[in-house]
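Q: Since the structure of chain A is provided, determine the placement of chain B with the ligands on it from the hints.
Sequence lines, in order, name chains A and B. Take 1 as the starting number for the first sequence in our numbering and just add one per residue. Take 1001 as the starting number for the second sequence in our numbering and just add one per residue.
Careful, some of the hints might be misleading.
Here are the computed lysine-lysine pairs in the DSS-like style, where the Cα-Cα straight-line distance is at most 27 Å [as the list claims (entries may be wrong)]:
#1 A:K4 <-> A:K50
#2 B:K1146 <-> A:K332
#3 A:K79 <-> A:K6
#4 A:K254 <-> A:K212
#5 B:K1138 <-> B:K1128
#6 A:K48 <-> A:K6
#7 A:K295 <-> B:K1128
#8 A:K86 <-> A:K183
#9 A:K50 <-> A:K79
#10 A:K295 <-> B:K1125
#11 A:K332 <-> B:K1068
#12 B:K1138 <-> A:K332
#13 A:K4 <-> A:K186
#14 A:K288 <-> A:K211
#15 A:K309 <-> A:K332
What the simulated footprint calls covered on chain B by chain A, stretch by stretch (three residues with Cβ under 8 Å from a Cβ of chain A suffice, anywhere in the stretch; the number is not a length) [stated by the list, open to error]:
#16 1064–1071
#17 1088–1095
If you want the ones that stay clear, here's a sample from chain A, every Cβ over 12 Å from chain B, calculated [as the list claims (entries may be wrong)]:
#18 W41
#19 T47
#20 A54
#21 T61
#22 I129
#23 E134
#24 E139
#25 L142
#26 E176
#27 D179
#28 E187
#29 L226
#30 I240
#31 R263
Derived from the structure by calculation, the hints contain no laboratory data. In this text, a Cβ means the ideal position worked out from N, Cα and C, and glycines have one as well.
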Amino acid sequence: MSDKIKIAQYWAASCGGCDVALLDIDERILGVAELADIVFWPIAVDTKLKDVEALPDGYITATLFNGAIRNSENEYVAKLLRQKSKIMVAFGSCACFGGIPGLANITYADDIMDYVYNKTPSMDNPEGILPLVEYHAPEGDLELPEMYDTVKTLEDFVEVDYFMPGCPPTVDRINEFLDAVEKHVKEGAPLPPKGAVIASEKTLCDECGRKKEYRKLERVYLPHELDEIDPELCLLDQGIICMGPATRAGCGAKCVNVSQPCRGCFGPTSAALDHGGSMLSALASIFKVDESETKLSEEQIVELMSHIKDPLGTFYEYTMPVGLIKRAVREKRRSKA
Amino acid sequence: MSTQTAVAAQEQDAWEPRILVFCCNWCSYAGADLAGVSRLQMPPNFLVIRTMCSARVDVEFVLEAFAKGADGVLVAGCHPADCHYIGGNYRTRRRIALLRMLLEQYGFDPERLRLEWISASEGEKFQKTMVEFTETIKDIGPNPIKEE
Ligand code: SF4
Ligand code: SF4
Ligand code: SF4
Chain A
1 MSDKIKIAQY WAASCGGCDV ALLDIDERIL GVAELADIVF WPIAVDTKLK
51 DVEALPDGYI TATLFNGAIR NSENEYVAKL LRQKSKIMVA FGSCACFGGI
101 PGLANITYAD DIMDYVYNKT PSMDNPEGIL PLVEYHAPEG DLELPEMYDT
151 VKTLEDFVEV DYFMPGCPPT VDRINEFLDA VEKHVKEGAP LPPKGAVIAS
201 EKTLCDECGR KKEYRKLERV YLPHELDEID PELCLLDQGI ICMGPATRAG
251 CGAKCVNVSQ PCRGCFGPTS AALDHGGSML SALASIFKVD ESETKLSEEQ
301 IVELMSHIKD PLGTFYEYTM PVGLIKRAVR EKRRSKA
Chain B
1001 MSTQTAVAAQ EQDAWEPRIL VFCCNWCSYA GADLAGVSRL QMPPNFLVIR
1051 TMCSARVDVE FVLEAFAKGA DGVLVAGCHP ADCHYIGGNY RTRRRIALLR
1101 MLLEQYGFDP ERLRLEWISA SEGEKFQKTM VEFTETIKDI GPNPIKEE
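Just chain A, with the same shape it has in the complex (with noise of 0.2 Å):
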């Protein structure tokens, strides 16, 4: 039997992106196949989950987790990948925090069903056939997945040791990942600290090179909204909303130094309760106030933060899962007697 590290992949509910960030990280790739091997990985190899559920407790050196759990297969799965491995990585933002399927967080399971299946223009479904979770067919029984209502994250089901956050993890943090790994394999090098976030301590603001002016802004703007785009300049400055000062640095300013906003995929900082809820204080106080402000009405204020159209889908864009409200209510109003 090989001497190598065991290591596995999983997608949950993802888009796909996190597997082709791990086969980005190019010729490291075969460096990877020298020093371990590959037990399990959907994307890429033809193994089965019957295979992993044959293996020993603690078989898997190290399993890069990636997608929230959404369904039941997505649970069963992280828990039986956890079962078999030492270390487990929350790996991208989706698995961190619920990431952009975490939106779904916004709906419920009955009304994204019933509008797949039901209301969608191109559907035709006049008996209303849903799809089962279980079919006794005489061919025999029949399993489907059960949706959640609920997008929730990887340690929202499992002891999570590392978080490596990204949408997708960036080639450098995979590779100082692999490279620590390796150095504990090889030569006993200690791993990073239990639970810890491969990527930095500091908001992103720090990391990046944009000269800071810190205007006072009187409304916001989409990019396209404007002209031109000052390359050196703070997008906030520019009145472009950037997450940079609620998330945390790591990815080495990706976006804002192709003059994108940052749209928060690292995820907030260890210092902050909420992502969204950080960020929204630091854009409300950011507006211009002058000596004009005590004229205008609370209708105006409405209006001038109108501007922001869809604050949620901003501010949580890869958090909704583990902020402070993680997920949508239904309001039952009593009636107005």
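A: Relative to the frame of chain A, chain B with the ligands by itself:
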């Protein structure tokens, strides 16, 4: 009526709103105090937290209050142009306007979050606000997060 709905209806009737009030130290807290010492009658459904400025009320405080089941949150500060720190209340009102938009997207009735300017001499305004706000919240009903 099934037993279950009867029990649910009974529970609804027994429900009393729980309201969290953030009062700025310089105006609204003194206003609330004045309402108290003047023995103005108010519903007993609220708790007051004193902050140094209405702008000290982080968005997180309000979100956490709702996440933990508060039925309503009131933020009270000094009137425009009266802020002890010059412009804190202007930041507060932008923040609250935006936060109400956010709460609405989360599915909450935005009326659950209210902003009111109450000066130190406005004991009566504090009383009136609390009576009205408690009525509003009774009308909207319990915070739906508790049933999730
Ligand atoms: S973190 Fe981004 S790249 Fe990775 S699965 Fe989620 S959406 Fe895709
Ligand atoms: S707000 Fe955005 S553009 Fe401005 S400094 Fe921070 S990261 Fe850079
Ligand atoms: S700039 Fe922001 S959105 Fe872009 S990769 Fe970095 S953390 Fe993610």
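Q: Hints the structure violates: just list their numbers, smallest first.
A: Hint check: nothing fails, all pass.
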